[in-house]
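K.L.:
For the record, the sequence lines run as chains G and W. Those letters in the first sequence? Residues 1 to 334, per my numbering, in order. Those letters in the second sequence? Residues 1001 to 1544, per my numbering, in order.
No lab work stands behind these hints, which were simulated from the structure alone. Each hint should be verified, as a subset may be incorrect.
As the list claims (entries may be wrong) - In silico lysine to any residue, SDA-like type, Cα no more than 20 Å apart, as pairs:
id	chain 1	residue 1	chain 2	residue 2
1	W	Lys1431	G	Leu38
2	W	Lys1405	W	Gly1449
3	W	Lys1378	W	Gly1389
4	G	Lys59	G	Val48
5	W	Lys1544	W	Thr1255
6	W	Lys1352	W	Pro1368
7	W	Lys1220	G	Pro86
8	W	Lys1170	G	Asp45
9	W	Lys1155	G	Glu50
10	W	Lys1319	W	Glu1393
11	W	Lys1265	G	Ser272
12	W	Lys1170	G	Leu38
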Amino acid sequence: MTRYLVRRLVGTIPVLLLVTLLVYGLLHLAPGDPASLLLPEDATDADVAEARARWGLDKPFYVQYVYFVGNALQGNLGRSFRFAQPVTELIGSRLPATVELAFFAVLIATLIAIPLGVFAGARPDSATDNVGTVFGLFGISMPNFWFGIMLILLFAGVLHWFPSAGRSEYGVAGQTITGFYFVDSIITGNWAGVADAFRHVVLPALTLGCALAGILMRITRSAVLEITREDYVLVARAKGLMNRVVLWRHVLRNALIPIVTVVGLELGTLLSGSIIVETVFAWPGVGNLLITGVTSRDYPLVTGIVLMYTVAFVTINLAIDAIYAVVDPRIRFQ
Amino acid sequence: MRVRRCMMMPVSAHVAVAALLLAVACAPAQPRPSGGTAPSGGAPAASSGSAPAASGAQTGGSSPSGGPRRVTEVLGSEVISISPYGDSASPTYGMWMHVFEPLIAYNEQAGQNEPLLATSWSNPDPNTWEFKLREGVKFHDGSDFTADDVVHSYKRMRDDQTSAQRSTFKNVDAIQAVDRYTVRVHTKEPDAALIFRLNNRMITSKTVYDKYGSGEEADKHPIGTGPWVFKEFVPGQRVVLEKNPSYWGTERQATFDELVVRFMKEPQAAVTALMNGEVDLIPNVPPQLVDQVANSGRTHIASAPGTRLMFLGMNSAYKPWDNVKLRQAVNYAIDKEGIVKGILSGRAHVLKTPIGPGMYAYDPNLQPQYTYDPAKAKQLLAEAGYPNGLDVELQSPSGRYLKDKEIAEAIVNMLGQVGIRARLVTPEWGKIWPDIQAGRSPFYLLGRGAVEDPGEYLEQYFKTGITPRVNFSDAQVDADLEAAAREFDPPKRVALLHKAMSRIMDQAPMAFLFQYEDTYGVSNRLDFKARGDEYVYAWDMKLK
Chain G
1 MTRYLVRRLV GTIPVLLLVT LLVYGLLHLA PGDPASLLLP EDATDADVAE
51 ARARWGLDKP FYVQYVYFVG NALQGNLGRS FRFAQPVTEL IGSRLPATVE
101 LAFFAVLIAT LIAIPLGVFA GARPDSATDN VGTVFGLFGI SMPNFWFGIM
151 LILLFAGVLH WFPSAGRSEY GVAGQTITGF YFVDSIITGN WAGVADAFRH
201 VVLPALTLGC ALAGILMRIT RSAVLEITRE DYVLVARAKG LMNRVVLWRH
251 VLRNALIPIV TVVGLELGTL LSGSIIVETV FAWPGVGNLL ITGVTSRDYP
301 LVTGIVLMYT VAFVTINLAI DAIYAVVDPR IRFQ
Chain W
1001 MRVRRCMMMP VSAHVAVAAL LLAVACAPAQ PRPSGGTAPS GGAPAASSGS
1051 APAASGAQTG GSSPSGGPRR VTEVLGSEVI SISPYGDSAS PTYGMWMHVF
1101 EPLIAYNEQA GQNEPLLATS WSNPDPNTWE FKLREGVKFH DGSDFTADDV
1151 VHSYKRMRDD QTSAQRSTFK NVDAIQAVDR YTVRVHTKEP DAALIFRLNN
1201 RMITSKTVYD KYGSGEEADK HPIGTGPWVF KEFVPGQRVV LEKNPSYWGT
1251 ERQATFDELV VRFMKEPQAA VTALMNGEVD LIPNVPPQLV DQVANSGRTH
1301 IASAPGTRLM FLGMNSAYKP WDNVKLRQAV NYAIDKEGIV KGILSGRAHV
1351 LKTPIGPGMY AYDPNLQPQY TYDPAKAKQL LAEAGYPNGL DVELQSPSGR
1401 YLKDKEIAEA IVNMLGQVGI RARLVTPEWG KIWPDIQAGR SPFYLLGRGA
1451 VEDPGEYLEQ YFKTGITPRV NFSDAQVDAD LEAAAREFDP PKRVALLHKA
1501 MSRIMDQAPM AFLFQYEDTY GVSNRLDFKA RGDEYVYAWD MKLK
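Can you make the complete structure from the sequences, with help from the hints?
P.N.:
This is the structure:
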């Protein structure tokens, strides 16, 4: 197992190099000069030239890239042009918001999709199945930004149940310790803070989770459908086990492999989906930061964030592989 | 019993998976700074650390019963750093001006500068500005405001590499403290418009800077002289300011306790937050939502003519734009009133001259002027040598300015009616703006913001050799602008600027279109007097 993980980790190095090269190259190919975009309207040509020199933009592309990789290997992703702060610090300050959002999106998705998928798969063509299928299709086909706006209009605009944007209310959120508002509020015993964090996360997490729930429900349904036809399920039923026991203990456990795979793969998609959702809800996460970085051609910031996404994606996939062994004892890594 | 245990399993499996994913997603995290909240001011008035917990159901707009009187304002862009020198966006300056103060302030109504931290200023010679400073003013940490702080601040803005205000001081030679309350600024060339560039250049404390040793560290302690004390900065979310009870002045004295400044990029989302009662004041209400905000019964609109000028640039380095008759034809062909009424719902002011109301040296009767006249445009087009019309390309940003693409489409249509067949292209802002700056765009729609004194803007576009944006060159305009920069007597300077602008209108290197109206959505619990320069001030608000 350890050996397998190490081999996989070594294998990610070329992937990371290639991704950074691609992002770096694409950013430089894209029209637009960071210096003229970021300096004020009355900046002189000399100011622009000076800024270009300070940011190393006057050097050839490959020199810039080699510098970047050299620094990145030492854990230094450079300084953001726009924010004039180290990129690692910027990402670090925004990452808890994105992770918190992704966590609740996955939580909502699994809580909705798995029961719905299991029931739909257990009774194909029933009313539950039809409702589940419609929900699945809705989740898969509906664009994030549209659904988000609809939720805002209904739950914030008409019903006033939840705030329309932001992550916390001033004066309620307490001390920042870990950056995860739920964790911080619980540590400090600030129950109003927990409630506040919850009220803010509901709509964006629902927006983000709904698409995932759609896919997850479909996968669960088809896996359950397939497994209920297996011989051992027949045996279990023949032994006289209750239907619920058969379903949750024997069927679902075996259906978990494709479900875990999909959650893992979709978590990557979730990260990119959160770029849009974060913008719609003014959520101060990494996605929001990336948008700012792209519009101002902030090369170090954009490259740093994409690198972080890649690392996250690779690590998640690795973790999913490791989870297989936990979920299904038959799987062993060589 | 057994059944229940089985039922538990899938749920606990979910939690385990989710918890693992959470842990995994955390793994690549870089070392976090000590929390998202920047260190608090450290000033005696600022209560640092965690804020008291209010009731959970609290919405941002209203104050907790019996708690501090609070106003929540939306900023359309993010405050990116805690340094007032780190950004050059007007809304950000507007926020910092509560904490820090400049020597002088621009009064839009009067169209002139007024004393603030300086009590008076004069020009002992054309290359010297002398400022007499207000005595008895204290910083938030209790230290005295003196000439040393002014010299320190101006030098830092000029010399610090990360300063976004360096261009203000490009013509400044030396900055010196004559005595404890007198500062002199020496310029390389006589510069009558310098005073207009200094009215948003904020003074920070030299003591604080010396104490922390570097700009980066000192900026974490935003200690100014202003009526509001910095309390909290949460990156990506908000800045919170608190009333300064021992402020030196009366006019800008805070009338409520807390000002929360939230960042929201989407105007539509800001409108929802306003209607929802989460915030009290939002900028840039989209025209199609103005009626909704005005008629909701809980909110209203406040507006003022903005300082952003919109125009069509015609770069004479490219054919056919070197032809003055063609440029004049474009001016006659555009129905500006139609654009303002039809596309912007009347929320803009037609520009009759290179500048508009609220700006220094504005004269609505300046001649010549171009009124919509398609027949005249066709005639000029024929005189220019294009009796059968011609094909050109119009570049316009899309989404940079309010309804910019729609306006460009209308212009294409109007030009087409007189025989100028324009093809519209809308490159991304990251492409079009550097192109215009480098003189690579022959014909484009653009805006110029933050115009109070027109001197700098006129020189930037119309003085020979300053920028290649329209490549305009005219000996008379050059001479007049040069003389205006050296003329310290206001009436004489205004006359010179008028002369230059008349000539510019006649030569038509641009078609001046309109000036946006700045539109704010305001909660009915607040009275607000809008300014045109995108600055939102707490002293322009009255909490009911």
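K.L.:
Now tell me, hint by hint, if it's right for this structure.
P.N.:
Evaluation of the provided hints:
1. W:Lys1431 - G:Leu38: holds, 13 Å
2. W:Lys1405 - W:Gly1449: holds, 18 Å
3. W:Lys1378 - W:Gly1389: The given pair, whose Cα atoms are some 9 Å apart, holds under the 20 Å limit.
4. G:Lys59 - G:Val48: Distance of about 15 Å is within 20 Å: holds.
5. W:Lys1544 - W:Thr1255: Between lysine 1544 (chain W) and threonine 1255 (chain W) the Cα gap is close to 10 Å, so the pair holds against 20 Å.
6. W:Lys1352 - W:Pro1368: holds, 9 Å
7. W:Lys1220 - G:Pro86: holds, 15 Å
8. W:Lys1170 - G:Asp45: holds, 12 Å
9. W:Lys1155 - G:Glu50: Holds - the C-alpha atoms of glutamate 50 (chain G) and lysine 1155 (chain W) are around 18 Å apart, at most 20 Å.
10. W:Lys1319 - W:Glu1393: OK: lysine 1319 (chain W) and glutamate 1393 (chain W) at ~12 Å, within 20 Å.
11. W:Lys1265 - G:Ser272: Holds, at about 19 Å.
12. W:Lys1170 - G:Leu38: holds, 18 Å
Against the hints set out earlier in the document, no violation occurs for any number.
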